[in-house]
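Single-letter residue listing:
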Amino acid sequence: MINVFLNAQATSFSATAGLQDFIEQHAGNGPFAVAVNETFVQKSQYGDCQLNDGDRIEIVKPMQGG
Amino acid sequence: MWKLADKTIESRLLIGTALYPSPQIMLDAIQASKAEVVTVSLRRQDPNLGGGKEFWAMLSELKANLLPNTAGCHSAKEAITTALMAREIFNTHWIKLEVIGDEYNLQPDPFALLEATKELVSQGFEVFPYCTDDLVLCEKLVEAGCRILMPWGAPIGTGKGLINPYALRTLRERLKNVTLIVDAGIGAPSHAAQAMEMGYDGVLLNTAVANANQPIIMAQAFGNAVTAGRLGFEAGIMQKRDLAKPSTPTIGQPFWHQSF
Numbered sequence: 001m002i003n004v005f006l007n008a009q010a011t012s013f014s015a016t017a018g019l020q021d022f023i024e025q026h027a028g029n030g031p032f033a034v035a036v037n038e039t040f041v042q043k044s045q046y047g048d049c050q051l052n053d054g055d056r057i058e059i060v061k062p063m064q065g066g
Numbered sequence: 001m002w003k004l005a006d007k008t009i010e011s012r013l014l015i016g017t018a019l020y021p022s023p024q025i026m027l028d029a030i031q032a033s034k035a036e037v038v039t040v041s042l043r044r045q046d047p048n049l050g051g052g053k054e055f056w057a058m059l060s061e062l063k064a065n066l067l068p069n070t071a072g073c074h075s076a077k078e079a080i081t082t083a084l085m086a087r088e089i090f091n092t093h094w095i096k097l098e099v100i101g102d103e104y105n106l107q108p109d110p111f112a113l114l115e116a117t118k119e120l121v122s123q124g125f126e127v128f129p130y131c132t133d134d135l136v137l138c139e140k141l142v143e144a145g146c147r148i149l150m151p152w153g154a155p156i157g158t159g160k161g162l163i164n165p166y167a168l169r170t171l172r173e174r175l176k177n178v179t180l181i182v183d184a185g186i187g188a189p190s191h192a193a194q195a196m197e198m199g200y201d202g203v204l205l206n207t208a209v210a211n212a213n214q215p216i217i218m219a220q221a222f223g224n225a226v227t228a229g230r231l232g233f234e235a236g237i238m239q240k241r242d243l244a245k246p247s248t249p250t251i252g253q254p255f256w257h258q259s260f
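In order, the protein sequence lines correspond to chains A and B. Numbered per the working numbering, the first sequence spans residues 1 to 66. Numbered per the working numbering, the second sequence spans residues 1 to 260.
Be aware that one or more of the hints could be misleading.
Residues from chain B that face chain A, not an exhaustive set, calculated with beta carbons under 10 Å [to be verified]:
| hint | residue |
| --- | --- |
| 1 | Arg44 |
| 2 | Ala57 |
| 3 | Pro68 |
| 4 | Ala83 |
| 5 | Asp102 |
| 6 | Tyr104 |
| 7 | Met198 |
| 8 | Gly199 |
| 9 | Asn206 |
With a Cα cut of at most 20 Å, we get these calculated EDC-like pairs of lysine to aspartate or glutamate [said to hold, decoys possible]:
| hint | chain 1 | residue 1 | chain 2 | residue 2 |
| --- | --- | --- | --- | --- |
| 10 | B | Lys77 | A | Asp55 |
| 11 | B | Lys53 | A | Glu38 |
| 12 | B | Lys176 | B | Glu126 |
| 13 | B | Lys240 | B | Asp201 |
| 14 | B | Lys118 | B | Glu103 |
| 15 | B | Lys7 | B | Glu126 |
| 16 | A | Lys43 | B | Glu78 |
| 17 | A | Lys43 | B | Glu88 |
| 18 | B | Lys176 | B | Glu115 |
| 19 | B | Lys176 | B | Asp134 |
| 20 | B | Lys63 | B | Glu36 |
| 21 | B | Lys118 | A | Asp21 |
| 22 | B | Lys77 | A | Glu24 |
Keep in mind the hints are simulated off the structure, nothing from the lab. Every residue, glycine too, gets a C-beta built ideally from N, C-alpha and C.
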């Protein structure tokens with residue numbers, strides 16, 4: 001297992017799984033976008049992105065704004 | 001009709017989607033304003049904040065042009081990453097670029113703003129930078145590829161109106177071919193009309209409508225004020241003068257210079 005941060009909350013995750021699996025577990029319904037360590041990851045690249053211990057993953061959704 | 005970037009639209013009012021008493025009032029107010037461009041943002045999912053799938057459904061109902069923002073970003077890197085995420089989610093290359101430099105008055109950081117603008121323009125974005133009314137900064141943003149600038153009227157959410165009309169007039173005078181939109185600080189419909197009478201191409205606001213006692217009516221008021229201000233500009237506003245001049249003809253006035 002590795003320890004990563006999802007939206008600043010610590011969580012553990014299988015060391016052999018990648019971002020694609022992580023997203024499937026955590027993104028939920030509706031549109032979203034992802035950054036790992038403050039770098040945007042396109043949807044088409046999820047399968048190529050391996051997660052490492054200490055990675056900071058942000059999953060964001062549409063929100064009201066001014 | 002007027003051209004905003006690659007779109008031709010009718011309304012010159014751009015409106016935000018935040019701070020309304022309820023999602024339905026947001027929807028009704030935006031429709032009442034007749035705005036065709038609405039600002040949106042990205043945030044971590046939090047059931048207490050609204051947003052997400054339900055908000056997405058309401059946006060679809062509006063059928064407006066979406067202008068995602070990078071609100072809350074404090075560095076060029078954060079703003080660039082947020083813009084890239086927004087492009088994927090909202091499927092638009094428009095971005096309202098905000099990079100905050102001062103937490104107290106939410107003043108944009110001109111240096112980080114310019115840095116982020118250069119990068120995003122190179123990646124194909126239509127950057128709508130939220131900037132101060134500094135002429136040199138605005139010129140640099142245009143050099144970096146901005147066709148649209150959004151100088152503040154006053155700090156975000158203050159409702160103070162146009163606190164530096166001289167600077168805003170100077171921008172209009174000097175940047176004739178740039179689309180100029182006053183963004184932030186507008187509190188009353190008269191402030192919006194003032195900006196439009198100066199020849200600004202549009203006005204972007206949120207709090208003044210969302211925090212009104214009656215947001216839907218206030219949205220209508222702003223829509224009308226923006227239209228009135230623009231028509232006034234197009235019609236040509238008279239020059240001010242010091243001496244009074246009667247508007248009613250004096251020739252033929254009864255009792256004029258009558259002597260007894």
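So, going through the hints one by one against the coordinates:
no. : hint                : result
1   : Arg44               : holds, 4 Å
2   : Ala57               : holds, 9 Å
3   : Pro68               : holds, 7 Å
4   : Ala83               : holds, 9 Å
5   : Asp102              : violated, 18 Å
6   : Tyr104              : violated, 18 Å
7   : Met198              : violated, 22 Å
8   : Gly199              : violated, 24 Å
9   : Asn206              : holds, 3 Å
10  : B:Lys77 - A:Asp55   : holds, 17 Å
11  : B:Lys53 - A:Glu38   : violated, 24 Å
12  : B:Lys176 - B:Glu126 : holds, 19 Å
13  : B:Lys240 - B:Asp201 : violated, 23 Å
14  : B:Lys118 - B:Glu103 : violated, 24 Å
15  : B:Lys7 - B:Glu126   : holds, 12 Å
16  : A:Lys43 - B:Glu78   : holds, 19 Å
17  : A:Lys43 - B:Glu88   : holds, 8 Å
18  : B:Lys176 - B:Glu115 : violated, 24 Å
19  : B:Lys176 - B:Asp134 : holds, 16 Å
20  : B:Lys63 - B:Glu36   : holds, 8 Å
21  : B:Lys118 - A:Asp21  : violated, 35 Å
22  : B:Lys77 - A:Glu24   : violated, 27 Å
In summary, the structure is inconsistent with hints 5, 6, 7, 8, 11, 13, 14, 18, 21 and 22 from the numbered list given earlier, while agreeing with the others.
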